[in-house]
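K.L.:
Residues per chain are reported as follows:
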Amino acid sequence: EPEVTQTPSHQVTQMGQEVILRCVPISNHLYFYWYRQILGQKVEFLVSFYNNEISEKSEIFDDQFSVERPDGSNFTLKIRSTKLEDSAMYFCASSGTDVEAFFGQGTRLTVV
Amino acid sequence: GEDVEQSLFLSVREGDSSVINCTYTDSSSTYLYWYKQEPGAGLQLLTYIFSNMDMKQDQRLTVLLNKKDKHLSLRIADTQTGDSAIYFCAYSGAGSYQLTFGKGTKLSVIP
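In order, the protein sequences belong to chains H and L. In terms of the working numbering, the first sequence is residues 162 to 273. In terms of the working numbering, the second sequence is residues 65 to 175.
Hint data in this document are derived by calculation from the structure and do not stem from the laboratory. It cannot be assumed that every hint is accurate.
Below 30 Å or equal to it, Euclidean Cα-Cα: the simulated DSS-like pairs (lysine-lysine) are [to be verified]:
| id | chain 1 | residue 1 | chain 2 | residue 2 |
| --- | --- | --- | --- | --- |
| 1 | L | K132 | H | K239 |
| 2 | H | K218 | L | K170 |
| 3 | L | K134 | H | K244 |
| 4 | L | K134 | H | K203 |
| 5 | H | K218 | L | K167 |
| 6 | L | K100 | H | K239 |
| 7 | L | K132 | H | K244 |
| 8 | H | K239 | L | K131 |
| 9 | H | K203 | L | K132 |
| 10 | L | K170 | L | K132 |
| 11 | H | K239 | L | K120 |
| 12 | L | K131 | L | K170 |
| 13 | L | K167 | H | K244 |
| 14 | H | K203 | L | K120 |
As the structure is a computational prediction, the values presented were derived from the model and not from experiment.
Whenever a hint applies, use it, and build me the whole structure from the sequences.
P.N.:
Listed below in structure tokens is the structure:
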């Protein structure tokens, strides 16, 4: 069964460092998303991406964040200068339509 | 208040039915979803319902939607220990791709 895959599963980074989280969406999907879940809190929307551009973003997704689809298979989230409060589980998701979003297993980002 | 509200905990005995409830505020919601998250795992899409429907059944899962009261429920028949997880209610708004999630209901199944 096709699935969304994310790497790495756990990333530890120092405050102020840049980090790139990687995702391989399901191959025939057209819509891509990043969400995050701070420990013990709800899953929060960050950004959606369609047709090689951002279609929606939340107020969390500020200038420190960027997304890219560098080739036909990967979808990345970059955080330019990480802060302690960026520590969270980051989920990538993809959908073939705008209805069913399938999530990856997540990358746990720990900023120290 | 929160956009999506759910009880935080539910405990049921194996073999009983579980009912997880959710209320939401956005009357323009288009689709409503239930996701399951097992410990240390990602979010698994269980089922979804279009806002003009009031019920959807899929094997042991029954989703009920009361659009007037903005109330969504998920019933799991014959609950098994493998159903122990956190269940998230979510919706997407009209013309929007983003999902708004509740805080999740932790279902514990007692053998």
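K.L.:
For K203 of chain H and K120 of chain L, compute the direct alpha-carbon distance and say whether it is at most 30 Å.
P.N.:
25 Å, holds
K.L.:
Given the hint that K100 of chain L pairs with K239 of chain H, test it: the Cα-Cα distance must not exceed 30 Å.
P.N.:
27 Å, holds
K.L.:
So if I understand the rule, the pair passes when the alpha-carbon distance is 30 Å or less; does K134 of chain L with K203 of chain H pass?
P.N.:
19 Å, holds
K.L.:
Given the hinted pair K167 of chain L and K244 of chain H, is their alpha-carbon gap at most 30 Å?
P.N.:
24 Å, holds
K.L.:
Next pair to validate is K132 of chain L with K244 of chain H; report whether the Cα-Cα distance is within 30 Å.
P.N.:
Violated: K132 of chain L and K244 of chain H sit about 42 Å apart, past 30 Å.
K.L.:
Does K244 of chain H lie within 30 Å of K134 of chain L when you go C-alpha to C-alpha?
P.N.:
Outside the cut-off at roughly 37 Å; violated.
K.L.:
For the pair supplied as a hint, K131 of chain L and K170 of chain L, confirm whether the alpha-carbon distance does not exceed 30 Å.
P.N.:
Given pair K131 of chain L, K170 of chain L holds - Cα atoms ~24 Å apart, limit 30 Å.
K.L.:
K170 of chain L and K132 of chain L were given as a pair; does the straight-line alpha-carbon distance stay at or below 30 Å?
P.N.:
26 Å, holds
K.L.:
Does K239 of chain H lie within 30 Å of K132 of chain L when you go C-alpha to C-alpha?
P.N.:
It is violated: about 41 Å lies between the C-alpha atoms, which goes past 30 Å.
K.L.:
For K218 of chain H and K170 of chain L, compute the direct alpha-carbon distance and say whether it is at most 30 Å.
P.N.:
29 Å, holds
K.L.:
Next pair to validate is K239 of chain H with K131 of chain L; report whether the Cα-Cα distance is within 30 Å.
P.N.:
39 Å, violated
K.L.:
Is the straight-line distance between the alpha-carbon of K239 of chain H and that of K120 of chain L 30 Å or less?
P.N.:
39 Å, violated
Hint compliance for this structure: hints 1, 3, 7, 8, 11 are broken, all remaining hints hold.
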